[in-house]
Each structure stands twice: as C-alpha cells, then as structure tokens.
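For reference, the chains in residue letters:
Number of protein chains: 2
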Amino acid sequence: MSTTKTEPRVLQGTMELLPPDQILFNKMYDTIREVYESFGFLPLDTPVLEYSNVLLAKAGGETEKQIYRFTKGDTDLSMRFDLTVPLARYVSLHKNDLVFPFKRYQMGKVYRGERPQKGRFREFYQCDIDIIGSEALDLMYDAEMPAVIYNVFTKLNFGDFVIRINNRKVLNGFFSSLGLADKIGDILRTIDKLEKIGAEKVMAELSEFGVDGAAADKILAFINIKGTNAEVLAALKAVDCADETFKEGVDELEKVVNYAYMYGIPEKNIAIDLTIARGLDYYTGTVYETKMVDYPALGSVCSGGRYDNLTGYYTDDSLPGIGISIGLTRLFSQLRSENIISDDRKSLVDVLFIPMDKNHIDFVLESAAVIRNAGFKVDVYCLDKGMKPKMKFANRSGIPYVALVGDSEAEAGKIMLKNMESGEQELLTPAEAAEKLKK
Amino acid sequence: MSTTKTEPRVLQGTMELLPPDQILFNKMYDTIREVYESFGFLPLDTPVLEYSNVLLAKAGGETEKQIYRFTKGDTDLSMRFDLTVPLARYVSLHKNDLVFPFKRYQMGKVYRGERPQKGRFREFYQCDIDIIGSEALDLMYDAEMPAVIYNVFTKLNFGDFVIRINNRKVLNGFFSSLGLADKIGDILRTIDKLEKIGAEKVMAELSEFGVDGAAADKILAFINIKGTNAEVLAALKAVDCADETFKEGVDELEKVVNYAYMYGIPEKNIAIDLTIARGLDYYTGTVYETKMVDYPALGSVCSGGRYDNLTGYYTDDSLPGIGISIGLTRLFSQLRSENIISDDRKSLVDVLFIPMDKNHIDFVLESAAVIRNAGFKVDVYCLDKGMKPKMKFANRSGIPYVALVGDSEAEAGKIMLKNMESGEQELLTPAEAAEKLKK
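Protein sequences appear in the order of chains A and B. 1 is the number of the first residue of the first sequence in this note's numbering; add one for each residue after it. 1001 is the number of the first residue of the second sequence in this note's numbering; add one for each residue after it.
Bound-form chain A, shown alone (with noise of 0.2 Å):
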C-alpha cells in the first residue's frame, strides 16, 4: 500500500452530505417525488452521457460552453445540463411506444461546468415533470402544473408561498401592440430582471435596444398592473389594446386561474404577475415562479410554462408541452445556510439493539427481526465494548429507542426499551415493544 497520502477533497461546486442533511435531503426528495407521482406523472431515467451531436442538437452560446463534453476512444459525449433535452430525446426517440398526453417526472442530477461560485452548482438535482401532447393540450393541464406546485410546496411545509403566474401571449401582444413586435426577446429578458436590477435600469436596458421613452413608460406602467387576480383581469381586459394575441393571453390566463381554483389553490397562493417573463425563448404561453414569501432572496424556487414545440431538433412533429422545474440542489442549500430547515432527526434508526454480551446473541438477532418486521428500522450495535461506550454510540447517532438485552431479559424473553430522550424504560416483549413503537 503507498505510503505517500492523497488529500481527499470534495470537488468544488458539488454538494455533499453528512448523514443527518442526507436523510433531510432525501425527505425532501421522496415528499416531491410522492407529489409528482400523485397526479400521475410516470418516471423516467435518461442517462446523463449522451452523444454531444445528440444532446447538443440545440445548444449553442453559453449553455455550450457550460457543457462537460469529452471524448472516449472516438466517441464524442457530453454530460446532460437540464432535463428538458433528453426529454426531447426520448420522446422524439420512443414516440410510437408512448400514450399521449405524455406525463412524466424525472429526478435526476444535471452538469454544467460553471466556475465555482457561490450558489452555483456544478452537479445539481433538477426534479421535473413535464406534460407532453401528441397534439393541443387543453388549458386544464396549464392549471394543473400550478396544482402540483401548490402540493409539493404545502408537504415540504417551510412556509408560506405564492405561484406567480403569467402568459407570454399577453406580453407578446402587448409589446407587438406597440410596434416592438422585434424585439420581444430582448424585452422580455430586461423585465424578467425587474424584480433584480430596479425599475430604473430596466428603462436604460430597454433603451439600449431601441424602446424609446414613451413605450418603455407603457411597458412599464402595464407589467405593474396589480391587485388580486380577478382585479388584474379585468385591468387586462380594460387595455385598450386590439392585438389578437394579446386578447388569447388575457382569456387563456383568466381560463388557467380559474381551473387553479377547482384545484384547490387558494387565492393567496397564485397571483397573475405580469413581470414574470421567463427568459428563455422556447415559452409561448403560461410561464410561472414560485416564491416563498418569508424568504424573497432565495429567488424563485420552482419555474416552467408552456413551449409549442419541444422536439423540433429531432422530429418534423410538433409536440406542445408544458412543464415545471425545482432545483432540488440549490433550493437545499439555501434551505439549510438559512436554517429555514433543520434536520430533525439525526438518524434514520427507529430502534438499536445493545447485547450486553454474547450470551443471547441469538434472542437478540431475532428480536430485532420481530420489530424489523413490523415496519421499523432496526440496527444491532456488534461491538464487544462496555456500557458506556455502548451508549454513547446510541446517543452520538440520535437514535430515539434503545433496546437492552442482558441475561435477565433474555431469560423472561423480553427487552428493555429505552426511550433516549425521556430516559422512561420499560420491559418488553419483542411484539409489545414493536406495538408500542407505533404508537
């Protein structure tokens, strides 16, 4: 063996946990993925290395120049940066073998070789669902997106959060409106920063691509229309803007709201935002952020809308979807630097065994079944150590029940269940203690 010692470091941008986070993270994961799976989204498991012609049909720019991309022997790969692509991928791949309306979640970690920064991730958890149609999907599935997101967010129970929800149509034929119908892009990227930057450079941004004053004036003046929803809708429907687009948006939006409503979304949790824009290009209709009330700075905390053609890089079909996105990493890790969360519990452990000694390694080993059987996890501590080191492990670990076997015990066929946080024991058979865990 060398004797020459490789420090062991973590690679930098990359998020990894102790025991107690883990289990915190994975509730987390388990809470969203039983959401996800609730409303019917089946899994999907793509792989992260794809053939970077494949998985780079589209890319270009920045997103490029972010993708971990090598080759092996002479196969050029790369490691995926989303889950949207593969989506595009598998559907585009798999069309014939899937039913439609195509709904499926994914969880997985994506790759982008950022420079280390703070907040920044270079191998993050994405946990998607996406809605794909073979043909036009009804508004219903806009609102169910906003459903799924209200779900998720009360089970995770760190508190309170609005879904902030717009159409891109409006903003489109807003803009359009106002001659500016070429440069939509660019506005639409200056507001989506309004909420960041202020009201003041989005007016110089605005200039610098050609709005003048008067309009960047009405552009503003329109995405600060603001009330409840149904005070926003009709402000909408009160513009004095004849663009058809702009009047689809405004009755798809009104539509989306009320079908959230027969969701169950309470009022207080969706409010129609006209400075949400999303970025990127690709949304044509419904867009939405989530933000948690209490903590602004954590940004938006699940993001998505509705895109007209996901798989235009694969397929002559022109497939719609819509789909949301929470990312599980980051949103994690401001959580936990916030102590938003804290983990509760330090170990997954329901019940440690503690032999005395070898004596009743037998009764011991079965009894543990017996509570292990009724649904609980069981460890056994093995080490030949005294008492005191005994408990000490039990107490390090956080583990709520002990259960001492000694010789008396083992002879009346009991255990003493310890609850390590009151200190009441009580002696037990193996079927009562586990009857009295489920209590």
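Hints should not be assumed to be uniformly reliable.
[As the list claims (entries may be wrong)] Computed beta-carbon distance windows for the label pairs:
1. B:A1374 with A:P296: 33 to 39 Å
2. B:D1316 with A:Y282: 52 to 58 Å
3. A:K196 with B:D1076: 56 to 62 Å
4. A:A431 with B:V1370: 32 to 38 Å
5. B:N1373 with A:F209: 44 to 50 Å
[Unchecked claim] Anything over 10 Å on all C-beta distances counts as not near chain A; from chain B, calculated:
6. T1228
7. S1300
8. K1377
Calculated from the structure, these hints are not laboratory results. A virtual CB, placed ideally from N, CA and C, is assigned to each residue, including glycine.
Take the given structure of chain A and dock chain B to it, following the hints.
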C-alpha cells in the same frame, strides 16, 4: 427553428426504459433501499464527478483505462467508476463527523468507458452497503451482510437463491502451507474462474504461475470439498494444515455461518463454498457471492467481502470494513431479457378521471383530490375528445380504474367507478370510491 433534424439516439451501453419497465426498475430499487434502511444503513450521495487525482489515487492499469476523465478549464475531472473509492474519500474527509461503526448505503450510477458489448454497461447503477469501523469490527457484522442479502432477494421474489460464503484466510492459509505464499494473488484470481473455465484450464493456468502439479491437485481437491455447512466445516477442521491464518479463517467461517443462522437465514440459502475467492485484491476475510438457483447463467447477483483498510490512500488511519454490492442495471437487464420478471403494472396511476365534457370540471377536480388525498395516484384526462379516444387512452396506459363523470353523476355528487379489467362499474361518492379502492 432549424430544419435539419438530428437523429435522436441513446448512447450505446446505457440503459433507458419505457415507463412500464421504469416502474418495474424503480420497484426493485425501492425494495433494495427499503431493506438497506431497515437494517439501519444511512443514506449517502457522493458526487459523480471528482478530482482525478483524488478518485484515481489508487487506480492503475485496466481500471484507469476505463475511466471517463477530462479537463474543463484547468480542472482534471473523472467520473466515478464504483462507489467504494468515493466512500473511502468520504470517510477520510468527514471522519470526525461520523459515528463508527459507520453503516451507509449508496445507490447510484457509476461509469466505465467500456467498448459497448452485450451485458457491458458504460453507465449503470450500483447498490452498495458497507460497514466501516474505526477499530476492529466484530464478526457479527460479517453475518449481517448475508442477512441483508437474504432479505433483499426474498423481497425481490424472483426465485431461489444461495448466498455462497468463504473466507480468504482459509484459502490464503492453505496456500501458504503449500509453500505458495508468494503466489496467493495469482491463485485466487485463477480459482475464482473455476466455474467459468473449468478445472482443466485452471490447472493449466496454475502451472503457468509456477504451481507444480502436486500442489495444483491439492488446491483443486481442497476447494472441491463439498457438503452441508456442518460437513464442510468438519472437513476443514480435519485438513492437515498447521497454518495459523488457516485456523483463524476456519474459526471465522464457522462463527459467521452460525451468526447468519441466528439472523434467520435458512440453511438452504447460505452455503460455504471454498471456490469463492473474489478476484479483488483488497478482500482479507469473509467473501460472498449470490447465485440464483434456477438461473446460474446470471452469475453472481450480489457480491462483496471484508477488507482491512479502506482509506489507506487518503489517511494514516486504518479503517476496516465489510461491504456488498448489487449491480442493479445489469441484474435488471438480465432479468428482463430472460423474462424472469415482467411488468405486472404498466402504469403507476390507480384511477383516471374522465370528464364527459367541460360542464362539471369543478366537481371532477374536487373528486380527484378526495381520492388523491386518500393516498391514491390519480390522473385527470383533460382533452376535449369523444369517449372512444378517452377510453383508448385508459386502456393503452394500463390504468386499472376509470372514474367517469357526466351530468347525471355530477348532479348526484357521484362518480362512476369502472374496473377496467372486469368491466364492473358502480356509482359512488368520491369518499365511497376511495374506500372501495382501499379494498
């Protein structure tokens, strides 16, 4: 949007599944995770990407050739090729924050730059458990591994299996007593192939390594000792071998097998097999393989063993451990292609709501929520179509129950719950339907 299309291919040597198979795969994954957790193993999720010098501290030769390694900016990166090296790195890095014995499971993808061929994967899941000690680990932990294997494969429930167990010390001690102490590595790697290449080729190979015919005969005779565990142990004790390591190994083997019985493993599921050597150099004591009785061609479906020093390349601490690994991608792929398992369930969805029209969407969505909140997976079909395509969607998706809602149902506050297999249908309130589904 571009008009030249890219062919949507999936990288050779990776596994990508359609939803029914993905559901089946996830069921296996979840079962393994559940058993691992039930024995008190804690979750771990190390990054796929590591610094090359850290990940490859130990590697060399064939392993290193298979690594996906590349530079991005000035960072030399590698994708993990197993979960053991990352564990060694993790334990070395976080030693002061862990509680020992440290029991962890990790289930994730690993990467090997293989030339694609049948049964070889470039990206595949490994499902590992390891127990790491900060000092000597009791032999009871050696028996916990087969206990976990027994529970995993019993719950996976795809046929009879035997956990074959041996101890390196038995082999090493015996070979040393033949004066072959300097050839142990070569001998182990050779006899490990016995089942694959047969006795004749093993003899030939041993001779190449300078093992003379008499010694080779003794080795073959020794590893061919067969019988019940008690018979093999008796035969081992009767072997005329004064080597201390040999005696220690026989003693360990006997203890571990006895503990394994105490863990509830039936005798038919655990068999001492002296041909089991495990090629990997780092095993130093107990070693395991697991074979499906009716499908010997699958090879070992779960293997592992005890090692003396996990972290030697990173720290001066000597940390012993015991671990096993299930290569889930390979296992799943074999089970599917041999039709040993099949998708008993094409969809995760329990109930599909089908509104006859848009008149009662509020009632439909409320009813769907009632059944969803009762713990079921519920989808709502939202496309405005005739009954035929709606029912076709339900059928093709393989959803077991459909809830039909038209005017008369909605006005009665009820849904028509239809069993898609039997055709039976019943008019029920949403709460009644949830009750019925629970049965």
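Beyond 10 Å from each Cβ of chain A, as asserted for B:S1300:
The claim holds: B:S1300 sits with its nearest Cβ about 25 Å from chain A, beyond 10 Å.
Beta-carbon spacing of B:A1374 to A:P296 - inside the hinted bounds 33 to 39 Å or not:
36 Å, holds
Non-interface claim for B:K1377, where every Cβ of chain A lies beyond 10 Å
Contrary to the label, B:K1377 does not stay out of reach of chain A, its closest Cβ about 5 Å off (not over 10 Å).
Should the hint that A:K196 and B:D1076 are 56 to 62 Å apart at their CB atoms be regarded as holding?
35 Å, violated
Could you see if the CB distance from A:A431 to B:V1370 stays within 32 to 38 Å?
36 Å, holds
Checking the smallest CB distance to chain A, is B:T1228 really beyond 10 Å?
20 Å, holds
Between B:N1373 and A:F209, does the C-beta distance stay in 44 to 50 Å?
For A:F209 against B:N1373, whose Cβ atoms are near 48 Å apart, the range 44 to 50 Å holds.
Between B:D1316 and A:Y282, does the C-beta distance stay in 52 to 58 Å?
About 54 Å separates the Cβ atoms of B:D1316 and A:Y282, which means 52 to 58 Å holds.
Hint compliance for this structure: hints 3 and 8 are broken, all remaining hints hold.
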